[in-house]
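Position 29 of the sequence shown, counted from 1, bears residue number 29 in my numbering, the numbering being contiguous throughout.
Source of the hints: derived by calculation from the structure; they are not laboratory data. Each hint should be verified, as a subset may be incorrect.
To be verified - Label-pair distances were calculated between CB atoms; the ranges are:
1) Lys62 x Lys2: 28 to 38 Å
2) Pro37 x Ser98: 11 to 21 Å
3) Lys62 x Glu94: 12 to 22 Å
4) Val103 x Met1: 13 to 23 Å
5) Met90 x Ala45: 32 to 42 Å
6) Gly80 x Gly30: 30 to 40 Å
7) Glu40 x Gly89: 11 to 21 Å
8) Ala65 x Ala45: 17 to 27 Å
9) Pro61 x Glu94: 27 to 37 Å
Unchecked claim - Computed cross-link-like contacts, DSS-like style, restricted to lysine-lysine with a CA-CA straight-line distance of at most 27 Å:
10) Lys18 x Lys101
11) Lys18 x Lys2
12) Lys101 x Lys79
13) Lys2 x Lys79
14) Lys10 x Lys62
15) Lys79 x Lys18
16) Lys2 x Lys62
17) Lys101 x Lys10
18) Lys93 x Lys79
19) Lys18 x Lys93
20) Lys62 x Lys18
21) Lys101 x Lys2
22) Lys79 x Lys10
23) Lys2 x Lys93
24) Lys79 x Lys62
The beta-carbon is built from N, C-alpha and C at its ideal position, and this holds for glycine as well.
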Amino acid sequence: MKEVTDATFKSEVLNSGKPVLVKFGAEWCGPCRMLAPILEEVLAAESANFGIVSVDVDNCPKISAEYGIQSLPTMILFKGGENVAQFMGMMQKEDVISRVKEVI
């Protein structure tokens with residue numbers, strides 16, 4: 001899963017030609033580390049339908065503040081550059097896929 005920064009967020013997420021699920025997390029966040037391999041599985045299964053990237057909130061305070069990230073992990077789905085859905089906490093592969101597909 002690709003990590004985006006304050007500098008690359010616009011080009012990688014907002015200007016993407018397909019929906020992008022952004023996982024906001026941190027190195028020190030246990031649930032974030034547990035979610036990462038699940039999202040890798042989702043990406044492998046669904047890369048034709050949507051992308052997945054991660055943002056380290058400690059390294060990207062601007063993006064984190066802009067989207068009001070207060071708990072980790074938080075996932076925001078962007079479609080056409082707009083925030084269209086937000087999910088918080090740990091989720092299983094099937095739950096991530098079904099919730100994203102409901103929106104896209």
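>> Hints numbered earlier in the text: which of these fail when held up against the supplied structure?
In response: Going through the list in order, the structure violates hints 1, 3, 5 and 8 and respects the others.
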